[in-house]
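Below are the chains, spelled out letter by letter.
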Amino acid sequence: MEIIMSVVAGILFAAGIYNILQKQLLRIVIGTVILSNGAHLFIITMGKLKRGAPPVLEYGITEYADPLPQALVLTSIVISFGLTSLLLVLSYRAAQENETDNMEKLRGNHDE
Amino acid sequence: MMSNLAVLPIIIPLIAGILLAFIHKKTILARNTAKLLSILNTGVAAYIFYYVYQNGTVTLETGGWEAPYGIVLVADLLAITLVLTTNIIGLACVFYAQHSLAEKKESFYFYSFFFLLITGVSGAFLTGDLFNLFVFFEVLLMASYALITLGGEKVQLRESIKYVLVNLFSSIVFVTTIAFLYSVLGTVNMAQMAERVQEVEQRGILTTIGILLFFVFGTKAALFPLYYWLPKPYTVPNPVISALFAALLTKVGVYSIIRMFTLVFVHQTSLTHDLFIWIAGFTLVFGVIGALSTDNIKLIIAYNIMPAVGFMIMGIGIYNQTAISGSVYYLVHDMIIKAALFLLVGAISYLAGTSDLRKMRGLINQYPLLGWLLFISAFVLAGVPPFSGFIGKLLILQGSFAEGEIIIAIIGLLSSLLILYSLMKIFVRGFWGEKDETIIVNKKAANAFTWPIAFLIFFSVLLGVGAELFYPVVEDISNDLLNPEIYIDSVFKE
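Order-wise, the sequence lines are chains A and B.
UniProt numbering applies: residue 1 is where the first sequence begins, and numbers increase by one.
UniProt numbering applies: residue 1 is where the second sequence begins, and numbers increase by one.
These are computed hints drawn from the structure, not numbers from a lab.
Don't take every hint at face value.
[What the hints assert, rightly or not] Now the stretches of chain A that chain B is said to cover, found in silico as 3 or more residues with beta-carbon under 8 Å: (1) 20–31; (2) 49–60; (3) 66–74; (4) 90–96.
For every residue, glycine included, the Cβ atom is placed at its ideal position computed from N, Cα and C.
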């Protein structure tokens, strides 16, 4: 199971990096979202996917899934939500002010 | 009860940031509250520094959970020294801000973001847990994203996209690296990680993870192949914001490298630390080339961040007591002087109305004090003997000669020469020459700008002239760094 998940995370990373290297601003934002999804999947995978009950205390259950990676991933998800929304607003404003969403044209020049 | 001290440098600016968000429209009230809270915070940090210096490391187990299970905050001498330095710089920036920022920007939550930045930086210095370090990185980066775009000009928006993207990417790599570490070691607590790495004597996978972590922190600290994002975004925001960034953000990366590679990954030094020396050499060379390549005074100072980071990494790479003392000394010195230089250059470009060297001349006639402050700070940065840059560099070079690393020492010396040249270029071409009659002299603004800068340069000079006073502290720090058991024992309390 871990191997399949690792491969899936790897595909997500590849897709994310491919999108980040594009010219269009929105595709770059999508790339960052895919990348962070890959990272989150990876945390869960690296915390070992052995079978067990959800980490909620109940009577009579001895096997639980590891709660720590789940807490880490939850924190990380919230942070990346914040970042993504900031990045979306930022790219909206930047595209509006600079009148382009092409990263090639967002280089700037020396006369400013 | 005294262990609660360790949380104060995080909690005071956090509360200050929240408080100031409510009164952001009442500019004068917010301004004075911010000044007051900043003084309070610096005072508290100074007291904790004194306490730690007298009694040894203060460790706080948050929530009362024992060490590897909860988050620990570890105020050892290195961390608290850097927190104190951070607060001194913050103090100067708060007093500078009102003169440099337009009132509209100032009232748009500037002080809230400022205090959140301080929270993140102090937290990153004090935490003893790798995931918590990630969270504090995000706290400070989020505040920095808001600050770099504050005002929303065309250039700012354009450059900040690059800044945000690079930092976002390195944060994602950071999370992935934590996942790797957790699967190998089963812990995210730094002290326990150090213990477990020692038990397995740092197998190959752990060195790989170490290099990945180095990639993450190297991106934040702007090391050689990863520095391309830094210079331009640092010139676009307001000078006071650039000063905060230059003094604090890259140094958090350097601190994390120091912490990880003196505490956890210390068993394969022939591989990792040799890599550091190479990277330090390239960082020095490319940094000074950048600094010499431009006539934009803000860009010159921004490029000067890199050789400084190169020196610190060089000290870590050499990895003996003298060199690490030198790195720590240079770290503290460079935080203060970089803030001072950015504030100075901000003041100069405000008063001269341009940041292009080709359009300035003869400023010494109108602003003698600023000119001489720039002159002194150029000497401080380049490492001319009575000043603080000298002692750090001397220790690093001594260390490198002791280890037989001659080439890197020569690169270091030559780059110091070019650093001096790049700054003297500002002084000679901007301040010397005929009086420029077109400049309208603004004595009031000049005075207001001068005080915070002089305050920082005073500390910088004190750090150099009073080296005898500070050296024992630095020696204690490097002693702690070279003996990770001290850190581990203070966390686990045998």
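Does the structure break any of the earlier hints, and which numbers would those be? Failing hint: just 2.
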